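J.: The chain contents come next:
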Amino acid sequence: MLRVQNLTKRFGGLVAVDNIDLHVREGEIRGLIGPNGSGKTTFFNLISGFDRATSGKIEFMGSDITAGSAHGLARKGIARTFQHIDLFKGMTVLENVTAAAQCHARPRFWSSLLGTPSVRKEDQALRNLAMEQLEFVGIADHADDLASSLPYGLQRIVEITRALATRPALLLLDEPAAGMNPTEKQDLVELVRRINASGVTVIIIEHDMRLVMGLAETITVLDSGSKICEGLPAEVQGNPRVIESYLGSGGVGKKQTHAYAAEPSGALDVSGASQNPAAKGQDSFILSVDSLNSYYGNVRVLKDISFKMREGEFTALIGANGAGKTTLLRTISGMMSPRSGRVLYKGEDITGLSSDRIVARNLIYVPEGRGVFPALSVQENLMMGAFRRSDKEAIKEDLEYVFGLFPRLKDRRNQKGGSLSGGEQQMLAIGRAVMSRPRLLLLDEPSMGLAPKLVDEVLETVMNLHDEGLTILLVEQNARAALSVAERGFVLEVGSLVHEGPAAQLCDDPAVKAAYLGG
Amino acid sequence: MIIQLIISGLAIGSVYSLVALAHSLIWSGVRAVNFAQGEVFMAAAFVALTALSGAGRLPALPFGAAVLVGVVAASLIGLVIYNVAIRTTSKKGFLYALGACIGFSTLLQSSAILIWGSTGEQFPAQISMVPLRVGSIFIAPQDLFIMGISLTAMIILYFFLSKTRLGTAMRAAAQNREVAGLMGISHRLTDSLTFMVASCLAGLAGILLAPKFFVTPQMGSMISSKGFTAAVLGGFGSIPGAVLGGLLLGVLENISAGLISSSYKDAISFLIMVLIIMFKPEGLLGVKGGRKA
Amino acid sequence: MKARHHENFITHVLPFILIGVIALVPLLTRDPYLMHILVLGGIYVILAIGMNIITGYCGQINLGMAGFFAVGAYTSALLTTRLSLSFWLALPTSALVAGVAGVLVGVPALKVRGGVYLVLITTSFAGIVQVILNQWVSLTKGPMGIVGIPAPAIGNVLIYERIHWFYLTYAIVAVIVFLAIRLVGSRIGRSFVALRESETSAQSIGISPAFYKVLAFVCSAVLAGIAGSIYAHYMTTISPDAFGFNLSVLALIMIVVGGIGSIPGSIVGGVALALFPEWLRALGPYQSVAYAAGIILAVVFLPKGLLMMGVDAVQLIRKWFLAPDETSEKEVS
Numbered sequence: 018m019l020r021v022q023n024l025t026k027r028f029g030g031l032v033a034v035d036n037i038d039l040h041v042r043e044g045e046i047r048g049l050i051g052p053n054g055s056g057k058t059t060f061f062n063l064i065s066g067f068d069r070a071t072s073g074k075i076e077f078m079g080s081d082i083t084a085g086s087a088h089g090l091a092r093k094g095i096a097r098t099f100q101h102i103d104l105f106k107g108m109t110v111l112e113n114v115t116a117a118a119q120c121h122a123r124p125r126f127w128s129s130l131l132g133t134p135s136v137r138k139e140d141q142a143l144r145n146l147a148m149e150q151l152e153f154v155g156i157a158d159h160a161d162d163l164a165s166s167l168p169y170g171l172q173r174i175v176e177i178t179r180a181l182a183t184r185p186a187l188l189l190l191d192e193p194a195a196g197m198n199p200t201e202k203q204d205l206v207e208l209v210r211r212i213n214a215s216g217v218t219v220i221i222i223e224h225d226m227r228l229v230m231g232l233a234e235t236i237t238v239l240d241s242g243s244k245i246c247e248g249l250p251a252e253v254q255g256n257p258r259v260i261e262s263y264l265g266s267g268g269v270g271k272k273q274t275h276a277y278a279a280e281p282s283g284a285l286d287v288s289g290a291s292q293n294p295a296a297k298g299q300d301s302f303i304l305s306v307d308s309l310n311s312y313y314g315n316v317r318v319l320k321d322i323s324f325k326m327r328e329g330e331f332t333a334l335i336g337a338n339g340a341g342k343t344t345l346l347r348t349i350s351g352m353m354s355p356r357s358g359r360v361l362y363k364g365e366d367i368t369g370l371s372s373d374r375i376v377a378r379n380l381i382y383v384p385e386g387r388g389v390f391p392a393l394s395v396q397e398n399l400m401m402g403a404f405r406r407s408d409k410e411a412i413k414e415d416l417e418y419v420f421g422l423f424p425r426l427k428d429r430r431n432q433k434g435g436s437l438s439g440g441e442q443q444m445l446a447i448g449r450a451v452m453s454r455p456r457l458l459l460l461d462e463p464s465m466g467l468a469p470k471l472v473d474e475v476l477e478t479v480m481n482l483h484d485e486g487l488t489i490l491l492v493e494q495n496a497r498a499a500l501s502v503a504e505r506g507f508v509l510e511v512g513s514l515v516h517e518g519p520a521a522q523l524c525d526d527p528a529v530k531a532a533y534l535g536g
Numbered sequence: 007m008i009i010q011l012i013i014s015g016l017a018i019g020s021v022y023s024l025v026a027l028a029h030s031l032i033w034s035g036v037r038a039v040n041f042a043q044g045e046v047f048m049a050a051a052f053v054a055l056t057a058l059s060g061a062g063r064l065p066a067l068p069f070g071a072a073v074l075v076g077v078v079a080a081s082l083i084g085l086v087i088y089n090v091a092i093r094t095t096s097k098k099g100f101l102y103a104l105g106a107c108i109g110f111s112t113l114l115q116s117s118a119i120l121i122w123g124s125t126g127e128q129f130p131a132q133i134s135m136v137p138l139r140v141g142s143i144f145i146a147p148q149d150l151f152i153m154g155i156s157l158t159a160m161i162i163l164y165f166f167l168s169k170t171r172l173g174t175a176m177r178a179a180a181q182n183r184e185v186a187g188l189m190g191i192s193h194r195l196t197d198s199l200t201f202m203v204a205s206c207l208a209g210l211a212g213i214l215l216a217p218k219f220f221v222t223p224q225m226g227s228m229i230s231s232k233g234f235t236a237a238v239l240g241g242f243g244s245i246p247g248a249v250l251g252g253l254l255l256g257v258l259e260n261i262s263a264g265l266i267s268s269s270y271k272d273a274i275s276f277l278i279m280v281l282i283i284m285f286k287p288e289g290l291l292g293v294k295g296g297r298k299a
Numbered sequence: 082m083k084a085r086h087h088e089n090f091i092t093h094v095l096p097f098i099l100i101g102v103i104a105l106v107p108l109l110t111r112d113p114y115l116m117h118i119l120v121l122g123g124i125y126v127i128l129a130i131g132m133n134i135i136t137g138y139c140g141q142i143n144l145g146m147a148g149f150f151a152v153g154a155y156t157s158a159l160l161t162t163r164l165s166l167s168f169w170l171a172l173p174t175s176a177l178v179a180g181v182a183g184v185l186v187g188v189p190a191l192k193v194r195g196g197v198y199l200v201l202i203t204t205s206f207a208g209i210v211q212v213i214l215n216q217w218v219s220l221t222k223g224p225m226g227i228v229g230i231p232a233p234a235i236g237n238v239l240i241y242e243r244i245h246w247f248y249l250t251y252a253i254v255a256v257i258v259f260l261a262i263r264l265v266g267s268r269i270g271r272s273f274v275a276l277r278e279s280e281t282s283a284q285s286i287g288i289s290p291a292f293y294k295v296l297a298f299v300c301s302a303v304l305a306g307i308a309g310s311i312y313a314h315y316m317t318t319i320s321p322d323a324f325g326f327n328l329s330v331l332a333l334i335m336i337v338v339g340g341i342g343s344i345p346g347s348i349v350g351g352v353a354l355a356l357f358p359e360w361l362r363a364l365g366p367y368q369s370v371a372y373a374a375g376i377i378l379a380v381v382f383l384p385k386g387l388l389m390m391g392v393d394a395v396q397l398i399r400k401w402f403l404a405p406d407e408t409s410e411k412e413v414s
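Chains as they are written, first to last, in our numbering: chain A, 18 to 536; chain B, 7 to 299; chain C, 82 to 414.
Rough simulated footprint, nothing fancy, chain A against chain C, three-plus residues with beta-carbon under 8 Å:
1) 255-264
2) 278-286
Using 27 Å as the maximum straight-line C-alpha spacing, the simulated DSS-like pairs for lysine-lysine come out as follows:
3) 106/A / 97/B
4) 192/C / 286/B
5) 93/A / 74/A
6) 320/A / 202/A
7) 93/A / 192/C
Keep in mind the hints are simulated off the structure, nothing from the lab.
Fair warning: this is a prediction, and the values are worked out from it, not measured in the lab.
Cβ coordinates follow ideal geometry from the N, Cα and C atoms, glycine included.
Looking at chain A on its own, in the form it has when it is part of the complex:
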């Protein structure tokens, strides 16, 4: 029913969707997976008319819909939900669904204005249709609740119901299980099966591998915009290219020479209870995170995270997309406030301080995506790292030091930050952090979007910084690379710390693979 041929979408120089072919049979449940930034959502946007393809063709039930508008395609029978819940917040649940139920009705301006009997009857029919959908899904009790007042899991369901009310032939679900608890997920699987049984073809993007592998008959895997694999769930799980795209490859060659002691540090505290604080005074920890809970809106992203880090340690925090890694770093660095829990830095409670205050304490965060100021020169970018410092001589020395670390930055000191390559931008971001004289450095996905050789180069520098005594907390989706440089590793899975151990051991732990790929 859906035939996609050579579909390509470019944003400027970036190829988000690269020459994809896809055929979906009527009545199928198709799983669409792939690591962060692999182009899954862009692909949905193209099919549903929210983005225009650069080239290629989309055929839906025999007609060419490549140039269709979003609202037109909705009327043709393609419904979708969104990665970030997007309900009409000020409306009740029933109104949300009724708005969708009127998809195929004409506006009937004058009749509505005059309230003629025929339009009233039609309106009642629309409401009944909406009510039926709510009953089918099983949330009719909430019909009169304000959409925004519902718990997160239910909002997801309302969004699906709204999509269903347009009576689609094809339903696109974009990460419907994100932020749901296990029971809700079970209900969701049940619901998707029932929707499918009622004759709706489903394509589902999902990061919860267990869920999607159990639900879909066929799985399509995307990586950097290309289709790398398609097949039965079991085939996909065993495919080496898929494993590589999720867990990363390579790692710094120096790994063997780094003979890190594999002794358990005991600083990680997965259970949440403090572990013999008497033996090691709290002061010896540079960072201790104590049952931290963070939310995005109603979504609980961090669930009782507790861990500790000693001065001078190099720790890697790994986990699949959506595990909450970035949220954890953002919470520590003051860019967002936790709902509950504490962050202690050198014994001082810094929970909820604004980011500029936390920076003043030399806890420096290098954000995901580097955050280089694109229109500032390389040198200006670096000087912004030293914004709070007034020791001119030392700043000059540090600048030379950074240029020593990254000679390429020195050559490009007057170039604009935005004109640098991805690898150079990453170096600039790290160099800028060094200019802030960090005691504790939080690095967020430095390898993202970099070629393997550059990943090695960046991680090697990070290792050197550590050798000079810097305490580092590295967050990576590329588990293999991260574990090859760090001493210790934590594994984060959907908001909880599930494993910890010496990096070398975690590297070969099957549980780590499971955390990424399920099964």
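Model the placement of chains B and C on the given structure of chain A, informed by the hints.
T.: Below, chains B and C without anything else, positioned relative to chain A:
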């Protein structure tokens, strides 16, 4: 004839540039719009006029000092507008910021009427009114003066933004607010500073234009919309765009008024605004696909 | 279910109670000045409902209401003075012409994403109208304005006394309120709100943004045109300076103060902004300063608008005094 029109157009255009710069600085730095900019412009003109002619026991100040007083007053008004109208409404949405700004513009206008009366006053000319003759064209010395001061202000702004630590921090915050916070740059500091600098420029524009026209409490509304047109023409939020947009608007207005009819002069600006927004919303120097205004 | 009844009361009953209360004022006093203020208030209410449809319901900021208002007023004035048309023909014609102007603004406004450019494009439209009114002297008489706009007649009775105008205005207001409630409660109103809440989601369920945004612009322009027409005949004299930027601003302030996205809120906002400057008259020269300060305070501190503040207050009082008595609850709903 044309050259003469262009030169006087450039003079008024340089004033538009200053107001457009104020709009663009605030938009790029704070992601907000000061819809009371025109009244900052007006208030500065009145304050400078009062300082120049003396009031009560206060002695009359020389022109330079009067300009300084007017500009400082403008920057303080800007600071208050940011903290009362913009910061308090930042979470409620644009509609409320708009309403609060409009409240401020009414407040400033009615205060001006209360203090200086509604009829307006003449701002004494600082420069000889006798036109200079260069070949066959006449140039008003006042136009040269306006252009000179505007240019100086722009150069100072350029050095402030590119060479000082605070200026660089303001640019950094304009490019990425979150990351600027991670550098230890406080948003309240850069936002307040941006409003103050922008209001200085708008205030200076008011004082420069004052001798050319009557100083009235209503003088701000037209200039604010001209500033918007100039900013949009150059690319809303772009600093060089604001300068270019202002000069271009001044020249276009003057030429069309001189060659076609002066009665529809004010419509030119509105027309340019509509056409640009419809057909080239990123403006002449703005970035295509940048953040939407 | 109780919440639904409460909601129903506010959207369907309260507006007519408010109009009823205002209509009873002449029983207490027929002071011509107060009648004058209330007639203006009624015209403001129509304007506020128009503003609320485009901005409050559909979420498109429109600071060009003065332009539509002026189009309505001048159309009506010209038709009756030049062509001696009756008011009853001029009124719908000016609504129609204003509606066409609504298309002219609505279509370019579609190209615009985000509030700032919408503000700029709508103010530019009103600015262009203003320039035309001032400069096209042969048609509009320029800054002099049009004088001697005839009073409407019902049968053989000419309407020129204040009290007659009062009843005529509020009769029209009542009809418009009735239709507006129908409109915002219909599938069209639902589509408007859906677009306001999330354009992306609205598209995903088949709502065409272009169609409904232009429709909302037309509806609000038509209402502004009607308000303008009534204004012209009531004042008998119009000139361009009555239709400046301040009037567009006033429309915005009315819905912010009264309640965004609320028909009864528009009634409260419209009448309140007619009365408010009068209450401040005692302040003498400080009147307009206090007025502006009041607006800033209202915007910053009254996020839900006067109406909902009032409703909340009534609820609180009821909770205190009538909490055990459930029957009273039912009576009101």
